[in-house]
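2 protein chains.
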Amino acid sequence: MDKKISSAVIKRLPRYYRYLSELLDQEIDRISSQELSKQMNVTASQIRQDLNNFGGFGQQGYGYNVEILKGEIGKILGLDRQYQVIILGAGNLGQALANYVGFERRGFIVSAIFDIDKKKIGQPVGNLKVYDMAELPQYVEENSVDIAALTLPKAKAPEVAKELDKMGVHAFWNFAATDLDLPSEAVVENVHLAESLMRLSYNIANPVKK
Amino acid sequence: MDKKISSAVIKRLPRYYRYLSELLDQEIDRISSQELSKQMNVTASQIRQDLNNFGGFGQQGYGYNVEILKGEIGKILGLDRQYQVIILGAGNLGQALANYVGFERRGFIVSAIFDIDKKKIGQPVGNLKVYDMAELPQYVEENSVDIAALTLPKAKAPEVAKELDKMGVHAFWNFAATDLDLPSEAVVENVHLAESLMRLSYNIANPVKK
Chain C
1 MDKKISSAVI KRLPRYYRYL SELLDQEIDR ISSQELSKQM NVTASQIRQD
51 LNNFGGFGQQ GYGYNVEILK GEIGKILGLD RQYQVIILGA GNLGQALANY
101 VGFERRGFIV SAIFDIDKKK IGQPVGNLKV YDMAELPQYV EENSVDIAAL
151 TLPKAKAPEV AKELDKMGVH AFWNFAATDL DLPSEAVVEN VHLAESLMRL
201 SYNIANPVKK
Chain H
1001 MDKKISSAVI KRLPRYYRYL SELLDQEIDR ISSQELSKQM NVTASQIRQD
1051 LNNFGGFGQQ GYGYNVEILK GEIGKILGLD RQYQVIILGA GNLGQALANY
1101 VGFERRGFIV SAIFDIDKKK IGQPVGNLKV YDMAELPQYV EENSVDIAAL
1151 TLPKAKAPEV AKELDKMGVH AFWNFAATDL DLPSEAVVEN VHLAESLMRL
1201 SYNIANPVKK
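Protein chains in written order, with this note's numbering: chain C, 1 to 210; chain H, 1001 to 1210.
Next up, chain C with everything else stripped away, as it sits in the complex (with noise of 0.2 Å):
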C-alpha cells in the first residue's frame, strides 16, 4: 500500500477498526456499505470513499470482507505489531489503563507500573506489581519500551517525560492535565479529560436547535 491516504480518513479509521472488530467478535465475516453506514451512523458513500482507500475488498453484491479489511486498515494505525506499554502513576487512573484487557488485546502490552508513594510500591496491580519510580532509568535500560502513559500529577508529567525520552522512550500517552514539552521527534498523544468535559457543557449550554 503506497497510495498516500488522506489525514481525514486517517482520522476515521480507528473508528472504522473498532466497528469491524466488533463484526468480527459477532461472527460476522462480510457487511455491505449499507449495513454499515447504518450501524455507523456515516452515509454508505462516505463508507465507500473511505474503504476505497484500501483496494478491493468491497465488492458489487459481496459487500466488504470484515477480516481482510480490518487487517488492512490495522496495518495503516500500526496495529499489525505488539507495543510495550509503562505507567507512570498508579492512581486509579494508572490502575485503570493496567487492568483494562481490551488493550492488550490490540497488542499494547502493559509490562511495568511505577509510583512514587510507597504505600503502593510494591502492591499488585493486575498481574504486575507497582515499582519504584527510582528504578525507572534500570527497567528502561533492560527492557523495550515503546509507550510511556503518564497518570501523574500535572506538576510532575513534563519533567518525567523529558527523563523518559532522554533515555529513549519517545512515544507518550499523557492524561496529566498539562502540555508536554518535548523536543524533536516524540510523539504524543493527549487525553485532557477536563477539556472533554468543557466540550460536554458547552454543548449543553449551547444546544443545538434541531
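Be careful, since some hints might not be right.
Below, computed lysine-lysine pairings styled on BS3-like, alpha-carbon distance capped at 30 Å [to be verified]:
id: 1; chain 1: H; residue 1: K1118; chain 2: C; residue 2: K11
id: 2; chain 1: C; residue 1: K120; chain 2: H; residue 2: K1118
id: 3; chain 1: C; residue 1: K38; chain 2: H; residue 2: K1166
id: 4; chain 1: C; residue 1: K129; chain 2: H; residue 2: K1119
In short, the hints are calculated from the structure, not lab data.
Mind docking chain H on chain C? Use the hints.
Relative to chain C, chain H alone:
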C-alpha cells in the same frame, strides 16, 4: 455576547481556558499575545484573531486581562454554573473520575456513584458511598442530575444511557468503548481510549519526517 463564534474557535476554547486558569494560579493577571503564544505554542496572530471574538480585552501595550478573559470564555463554555454529575460504574476509572478534584473546581460536582457489584456497594469512594444501581431511578427522581459519566462495560452502557435519557438525564460523558444510540436532543461526549491509543500507534508507525 451575541456575536456568532466559529466552531473552529470554540474547539480551541477549552485549551485557552486551561492556560488562563494556570496563569491565574500563578497570580499572573495580565499577559501579552506574544507571551501566551510562546507558552501555548500557537502563533500570536492566531491568538489575537481567536481572542478578538471576546471584545476589547486585549489592549495595545497592556495585553489581556487574564481574569476577565477567563470569565468570558468560561461563560461561553457553560462554566458559569454548576453541574451535578453521577458516575455509573465504580471500577478504577469511575473512582478516578470521582476523586479528581480538578472537576469540582470547575463546577462539576460528583454527587453519586453507582455499581451493580455487591462487593462495591456501600464502600467509600472519596467522600461518597457507592450506591446500588437498582436505586438509580429513585435517585434521579429525587435529585437534580445534569450529567451521567458512563464507565460501564460496553455491553451495558447503551442500555443504561437509554434508561437515563428516559428518566430525564440528557447529557453523557461516555467512556465505554461503544457509541451510544440515543434519541434527539441528548448530548454525548465520547472518550474512546482505545481509539486514542490507535492514533498514538499510527503516529509511531508513520513518523512525520522533519
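Cross-check of the supplied hints:
1. H:K1118 / C:K11: 40 Å, violated
2. C:K120 / H:K1118: Given pair K120 (chain C), K1118 (chain H) holds - Cα atoms ~25 Å apart, limit 30 Å.
3. C:K38 / H:K1166: 23 Å, holds
4. C:K129 / H:K1119: The hint holds at about 23 Å.
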